[in-house]
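Residues per chain are reported as follows:
Protein chains: 6
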Amino acid sequence: MNDKVFEPLDSGVVPRFAGMPTFMRLPVATPQDVDVALIGVPFDGGTTNRPGTRHGPREIRNQSSLTRRVHHVTGISPYDLVRVGDCGDTPINPLDLAASMESITRYYSGVRQAGAVPLTVGGDHLISLPILRGLVDKGPVGLIHFDAHSDTFDSFFGSRYNHATPFRRAVEEGLLDPKRTVQIGLRGAISDAANFDYAREHGIRLIFIEEFDERGAKDVMAEARAIVGDLPTYVSFDIDVLDPSIAPGTGTPEIGGITTREAQKMLRLLGGLDIVGADLVEVSPPFDPSGATALTAATIMFELLCVMAQSISDRKKKRN
Amino acid sequence: MNDKVFEPLDSGVVPRFAGMPTFMRLPVATPQDVDVALIGVPFDGGTTNRPGTRHGPREIRNQSSLTRRVHHVTGISPYDLVRVGDCGDTPINPLDLAASMESITRYYSGVRQAGAVPLTVGGDHLISLPILRGLVDKGPVGLIHFDAHSDTFDSFFGSRYNHATPFRRAVEEGLLDPKRTVQIGLRGAISDAANFDYAREHGIRLIFIEEFDERGAKDVMAEARAIVGDLPTYVSFDIDVLDPSIAPGTGTPEIGGITTREAQKMLRLLGGLDIVGADLVEVSPPFDPSGATALTAATIMFELLCVMAQSISDRKKKRN
Amino acid sequence: MNDKVFEPLDSGVVPRFAGMPTFMRLPVATPQDVDVALIGVPFDGGTTNRPGTRHGPREIRNQSSLTRRVHHVTGISPYDLVRVGDCGDTPINPLDLAASMESITRYYSGVRQAGAVPLTVGGDHLISLPILRGLVDKGPVGLIHFDAHSDTFDSFFGSRYNHATPFRRAVEEGLLDPKRTVQIGLRGAISDAANFDYAREHGIRLIFIEEFDERGAKDVMAEARAIVGDLPTYVSFDIDVLDPSIAPGTGTPEIGGITTREAQKMLRLLGGLDIVGADLVEVSPPFDPSGATALTAATIMFELLCVMAQSISDRKKKRN
Amino acid sequence: MNDKVFEPLDSGVVPRFAGMPTFMRLPVATPQDVDVALIGVPFDGGTTNRPGTRHGPREIRNQSSLTRRVHHVTGISPYDLVRVGDCGDTPINPLDLAASMESITRYYSGVRQAGAVPLTVGGDHLISLPILRGLVDKGPVGLIHFDAHSDTFDSFFGSRYNHATPFRRAVEEGLLDPKRTVQIGLRGAISDAANFDYAREHGIRLIFIEEFDERGAKDVMAEARAIVGDLPTYVSFDIDVLDPSIAPGTGTPEIGGITTREAQKMLRLLGGLDIVGADLVEVSPPFDPSGATALTAATIMFELLCVMAQSISDRKKKRN
Amino acid sequence: MNDKVFEPLDSGVVPRFAGMPTFMRLPVATPQDVDVALIGVPFDGGTTNRPGTRHGPREIRNQSSLTRRVHHVTGISPYDLVRVGDCGDTPINPLDLAASMESITRYYSGVRQAGAVPLTVGGDHLISLPILRGLVDKGPVGLIHFDAHSDTFDSFFGSRYNHATPFRRAVEEGLLDPKRTVQIGLRGAISDAANFDYAREHGIRLIFIEEFDERGAKDVMAEARAIVGDLPTYVSFDIDVLDPSIAPGTGTPEIGGITTREAQKMLRLLGGLDIVGADLVEVSPPFDPSGATALTAATIMFELLCVMAQSISDRKKKRN
Amino acid sequence: MNDKVFEPLDSGVVPRFAGMPTFMRLPVATPQDVDVALIGVPFDGGTTNRPGTRHGPREIRNQSSLTRRVHHVTGISPYDLVRVGDCGDTPINPLDLAASMESITRYYSGVRQAGAVPLTVGGDHLISLPILRGLVDKGPVGLIHFDAHSDTFDSFFGSRYNHATPFRRAVEEGLLDPKRTVQIGLRGAISDAANFDYAREHGIRLIFIEEFDERGAKDVMAEARAIVGDLPTYVSFDIDVLDPSIAPGTGTPEIGGITTREAQKMLRLLGGLDIVGADLVEVSPPFDPSGATALTAATIMFELLCVMAQSISDRKKKRN
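For the record, the sequence lines run as chains A, B, C, D, E and F. First residue of the first sequence: 1, per the numbering used here; consecutive thereafter. First residue of the second sequence: 1, per the numbering used here; consecutive thereafter. First residue of the third sequence: 1, per the numbering used here; consecutive thereafter. First residue of the fourth sequence: 1, per the numbering used here; consecutive thereafter. First residue of the fifth sequence: 1, per the numbering used here; consecutive thereafter. First residue of the sixth sequence: 1, per the numbering used here; consecutive thereafter.
Worth flagging that the hints you see were computed from the coordinates, not collected in a lab. What you are looking at is a predicted structure, and each value in this text was computed from that prediction instead of being measured. Among the clues, some could well be false.
Said to hold, decoys possible - Calculated lysine-lysine pairs in the BS3-like style (CA-CA distance at most 25 Å, straight line): (1) D/K265 to E/K4; (2) C/K218 to C/K179; (3) C/K318 to C/K138; (4) C/K4 to D/K4.
As the list claims (entries may be wrong) - Away from chain A, derived, C-beta distances all over 10 Å, residues of chain F: (5) T22; (6) N62; (7) G88; (8) D219; (9) M221; (10) A222; (11) R261; (12) R268; (13) V276; (14) D314; (15) K316.
Claimed, not checked - Cβ-Cβ distance ranges computed for the label pairs, FRET-style: (16) D/S313 to F/R106: 49 to 55 Å; (17) E/E172 to A/G115: 33 to 39 Å; (18) F/D80 to C/D192: 57 to 63 Å; (19) C/G272 to D/G115: 55 to 61 Å; (20) B/E214 to C/E214: 50 to 56 Å; (21) C/I76 to D/G115: 54 to 60 Å; (22) B/E211 to D/D154: 41 to 47 Å; (23) D/G272 to C/Q32: 34 to 40 Å; (24) C/I76 to D/E172: 27 to 33 Å; (25) B/I76 to E/D314: 54 to 60 Å; (26) A/E7 to F/R106: 21 to 27 Å.
From the three backbone atoms N, C-alpha and C, an ideal C-beta is built for every residue, glycine too.
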């Protein structure tokens, strides 16, 4: 612990375009320094079609210069509640998937031991698996998962570890409780009618876009909260849950997605949950020349940070 | 008829970025081979402002590599119900509008004689006229027409054949029954207050975006289905019916359009109609550098293909 | 006054891509010639982050070639009701903020004296201040302000004149009546929880996107109309009120914005108000490579023009 | 003739980004007003592959805002020597090639009768034919032709009038003297070994890039000047003579082209010739998102203008 | 062998924008069908920084629609000399580097056994190694290698197989004779002063851009020809040997590269060598939004094809 | 002074796409820490046309991740010779030109007092003036200035401080010795024939592109070295000296520029001069969507760093 001030740079002193881009213009930190650790995992070795999410953390850092301090709905700044810093990128090896998964796992064990709650930026969705391996130590966690895809394939191209399989592996490995798992925003044609069978058979709640469209954000989130309950829960936000007109810079875009207004409504309804970590994945800057997807991602991160900070702060107070 | 398997390439064997891009990664075929013929008409000689739809079929083939086999709502694959193949592009002459219209007409006569139902990708909207000329032989068909524009001008620049006139010509030529025609999503300023007079006087039902916005997809489609009834019906989808934030790559974008979620809802309500053909037009790749419009178009094609396949399959069964 | 015909070029004679781009393809004019003066203010010296709105007027002129004559809902052309012309750009000095503000103010005094109602295209939002200084002579006006941001900061980087402060200055200078001011579409994190205090303390009505989302366009506009009443009212439309997926080309994009369908609904409900002027600001072409934002802006201008023309025409008739 | 000042706007008073873009920021004029008439021909109906040159004149006008008054090598301003103005675009019909050719021809007859020398911006290369038809009245002219392609095909897609045939037609019609014609910069594979036979048989001098590369700009231009001699000569500059890294925005790019330094050297060696007109063609803005090709074209125009102005001025003096 | 005609589609019948894009618009073929096999290897698993070359083959096919039949310098068409076809893409596994290398090797063994000479499009530069493994059976071949980088690292990120190591591995494995190897166009800072030691110690001739700049294409190629002599030689063209202004779409651009005019001169001087295969690698479409790099690559392929076809044809005649 | 290692991150451990982008992947430092201080000045308040160079430092940092350690011609790493670090951006005020100039001046006084030699990245060219004000304390320095423009205007828009005037002001203020000043690469039309008078009258040596083209890099640099001699010399590199095909991302592009091969040759001939500082200016990322200009700038920075490091190291040795 140290005396560092964990505040974003003052945009009335250092213009938003100046300086080196860290997440949210926060100081560089170690997990030991902070309550919430902003971490990049620049790895896309699990990608089966269009690559590029390895460039995600850098560009999201860049665009996060446009974020500000205080949430306009609550009037509260996460930086007033907890210490938040940019912990940099985890070690990875772009030529070795297995080694990368190990070093990611090791890094998140360290985060857990430091007592920080990680808010991660990918990278492709495979990274959720080594993150959970590093993070989960006392039995499976719940999951609120925003995505166009279920990511519960058994394998792809004969490989069990890729961005279509992380949550199946996580269930198999006892990291994830499928009965406390809900996936929201699913849509798009599938390669096989049986693609959702595993999820259904294990009790994962699948909320397709059609159901979401009928019920709306509030109702869906009430159910999601009931599913995960008060126990430790992970949040995973795949940027492709958003409509491709909003977030084109991703590897597997699916039309007919949710809007940012809907996404923000949902994220604000995460308040009070016991969030043990969150990630935002699948932003691919080479397919996002305008930076719009990365800017959206940075703002989604801020929404996640706000609910995480509130929850951590509340629990701290309760403990005291 | 032959032993060819009319299935998309398996994306777990041949990655989506590999191989030559055919529509939906399907085999190359002739209309004789298939029940549904996917056809390109790379012609934009009827365009009055921004050109480029001649490049539409190629880029939509390219982006259609991202589509999959099974519809996530019905759980049914069109490829299990009917034979579908990529029949390539019709002959056209980029320097001769009249010759192009003739060769398109001739091509679609062949499609009709082969007994295949065409699902066409343009090209500008003028192509609907020669398609209907080739396709319609037993009296006028009905039309469900998704578009920002009515395309029932009498002439433009003194020319009676361009992308603002196809449906007026089709009514005049007895190819289209105006009383069984409905246009959905109309909007945008017009050059003359009388622009919709022809359509109104001949009984075409005009559903502007404002009415659509009030009533919603379900209600509007119930009326549309009633209008066309059980008789043979053509479906024409101009990509500019979608909002330009979703489909920027088109020649005459109009803000305030429908979303893909709304479009998908409507297209899924075409089920059971006697669809004798469909087209998707006005995708202009030079104005679509990211490929987003073409990807949207490919997914719309898949939605159309699903309802067409179901309907053809049902009718086949009934006949047996 | 002269014999000039104040009509857009006929798009059936001069194609939309031909000729020099004026606003709406209208004749070049002076404020003396017209009832509604379309004016550019190519100034971005008040911008604190991403620059480029100095290029706004030119690109919006370019994209306005796609607009047409007659509103499709009312069936009325503004050009049938009043004289409208492109009065060019105001003088500005890109190296001198104070001098630019003075020359803008002087220009708008001239517009007022000529009896024309200005519809301005920026430029950054600071320009609203010198416009109001030139335009307002008989006591403060009301304001309907569409924006993601309140723009009522006291200062930024120690400067009292920049695109975050115009409306606070306008209230202080007696140009704007805060009790007859409503801001719609506000959202996005803020740098300080006190950012909205000035507005609230002075009676400006703040309608955040969350409230807008609950109530809808009609209800919100009913309140907005009640707030400004029958007295002289200015309308300011910051393009960043729209969602960045629709209008990416702006300096301070905020996700979760309003759609063009919502915006158009609201603008059409301005009818009958005593609009003394309007502006559309913050379009930054360097961040809008596709031109989509400028095309959207041009169409928003047309919507504003239609309500302004109707209102001016009605008042003229009443006076006669 | 009138009192108008034919000077570009002063860039120290009106910033380059302000105002409506005319060619070189010059006043709008008629051919009667000026010695050199800058004219746009926004027509691409002769294009056989990638369209879009119809948008050329507008975007070149836009980018020409970056040009200045005085040539840095000679220290002379063309605007001091002759009157130059922007005469707008010729009438064309985007749906009718024959009608467009007629109206272009008619327009250039008028230019000739007005005594102005035209400097035209296309449009595709077919436009050189109707320009020459309108311009040439006293026997065939010579031609210095910068291009990657010879454009002396007999026909394409069965059509004798397209952008691959203008100079063959011009020879056949007695507009062009093939013995006084030189083509510089030719390169790129051809569809048939016989493609250059017509040119060779009729005495057109073909200078391929390989010969140009060996000899250099000075030597080649000495020969070109000898070929056309003192008699009336037309200059045609197809932007695709430049390397595609410099001028990507064109329909038929060929790698291995000339650089702008080489082009400028050659153009400056046109001095003193009896240039009866010049054109710059094949700039296609939809394939030039950055505007680099249009900016290059505008600067090439300025180089052409300088030699034309000097030559006209010298001849005027001689006559006096 | 069969009766298929191995000619590109006639661009006067099927426009260049129409139809499915194969390499050079040639028929789809198997290695058994042809003398020269055009093959794609869509694999970028060996890439250490910016990915995307997996998309290379498809986009180069697309852009190769702009190539033509007959070389303009020799007046000879490769298609008149030998049979050439598009053999599609090799099998690869985007998630498994080792498996991909094996399947590539296996594929090229088949090509060798079929007696076809392969002209390959990558993919990243690692693919040269499995290609050589499959192709070389009777002792090491020579290599003419155009590249900014030597690609003779021992390892990167602890991995011996990646796009920085293929030619060291090839020497070690006896596939490549370092004394008959020449690398042309090398440049750019290096991570370690020892980076070129291996190449130098084993007798590879390194021609840096500075030497090339002094001596010119002819002189350098005379030496290169002397180095490889009459024995079997492979040609490898990394697109990054070209200047990034010409070929921006690549993962490791280095400024100060060779021009296309220089490249074409060099490639034409490969005539008569015993070329057993060639590849063109490192085109990354996600970093090439305009397609300029892919178009350049397609034209380079045509140059390679011309010298290969001539050489094969000459050897065939000699044997007869 | 401290124990920090002033080495770039090892690209075989931390991939180039990972981590926060500092210049050359170097540690963050203060001027006190280093021999060569890499500094950003994100200010474009002196820009008269297209803005955006305020974004230059960040994007050049980003692209500099692609640079490496050792110069391939000399085999020497600047990081082995001297300590180099990223000192961040100077304070500036985007709304106040005078205040920004003062804070830049103050910052560079500090750099001078710390004994570091600054290598600066702009920002627009005005920044050279406050840099020189801060840096020069013992009489005027010499200047080698690479630029398309002389930047010796007296004023623009009535302002004496903008990016067209810095070197005139520097001469007037006794910071620059005009007789020891040489400008290389000048070109492009000028607004007034007298534009170069000041420079000529004061003995500045102007080398236009035409002279450069005749004489070549070596000869020109021999003269440049003679002009500045052994006395303290500043180097200023305006990215627009390069051809716009290479460096499109700048505010005032001029065709016909120098190539990177020519630029690198010239920069390498700066060796041994007494360089007291250098800057690289006018990179405007909003006009450089591909990042090509910023990557070029980063590599130019590395070339400058190498000669500066060598020179500083040599002088240090001499002193010892």
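Outcome of the hint check:
{"no.": "1", "hint": "D/K265 to E/K4", "result": "violated, 50 Å"}
{"no.": "2", "hint": "C/K218 to C/K179", "result": "holds, 21 Å"}
{"no.": "3", "hint": "C/K318 to C/K138", "result": "holds, 21 Å"}
{"no.": "4", "hint": "C/K4 to D/K4", "result": "holds, 20 Å"}
{"no.": "5", "hint": "T22", "result": "violated, 6 Å"}
{"no.": "6", "hint": "N62", "result": "violated, 7 Å"}
{"no.": "7", "hint": "G88", "result": "violated, 6 Å"}
{"no.": "8", "hint": "D219", "result": "holds, 41 Å"}
{"no.": "9", "hint": "M221", "result": "holds, 35 Å"}
{"no.": "10", "hint": "A222", "result": "holds, 40 Å"}
{"no.": "11", "hint": "R261", "result": "holds, 28 Å"}
{"no.": "12", "hint": "R268", "result": "holds, 29 Å"}
{"no.": "13", "hint": "V276", "result": "holds, 25 Å"}
{"no.": "14", "hint": "D314", "result": "holds, 32 Å"}
{"no.": "15", "hint": "K316", "result": "holds, 29 Å"}
{"no.": "16", "hint": "D/S313 to F/R106: 49 to 55 Å", "result": "holds, 54 Å"}
{"no.": "17", "hint": "E/E172 to A/G115: 33 to 39 Å", "result": "violated, 49 Å"}
{"no.": "18", "hint": "F/D80 to C/D192: 57 to 63 Å", "result": "violated, 48 Å"}
{"no.": "19", "hint": "C/G272 to D/G115: 55 to 61 Å", "result": "holds, 56 Å"}
{"no.": "20", "hint": "B/E214 to C/E214: 50 to 56 Å", "result": "violated, 19 Å"}
{"no.": "21", "hint": "C/I76 to D/G115: 54 to 60 Å", "result": "violated, 47 Å"}
{"no.": "22", "hint": "B/E211 to D/D154: 41 to 47 Å", "result": "violated, 55 Å"}
{"no.": "23", "hint": "D/G272 to C/Q32: 34 to 40 Å", "result": "violated, 49 Å"}
{"no.": "24", "hint": "C/I76 to D/E172: 27 to 33 Å", "result": "violated, 54 Å"}
{"no.": "25", "hint": "B/I76 to E/D314: 54 to 60 Å", "result": "holds, 58 Å"}
{"no.": "26", "hint": "A/E7 to F/R106: 21 to 27 Å", "result": "holds, 25 Å"}
Hint compliance for this structure: hints 1, 5, 6, 7, 17, 18, 20, 21, 22, 23 and 24 are not met, and every other hint is.
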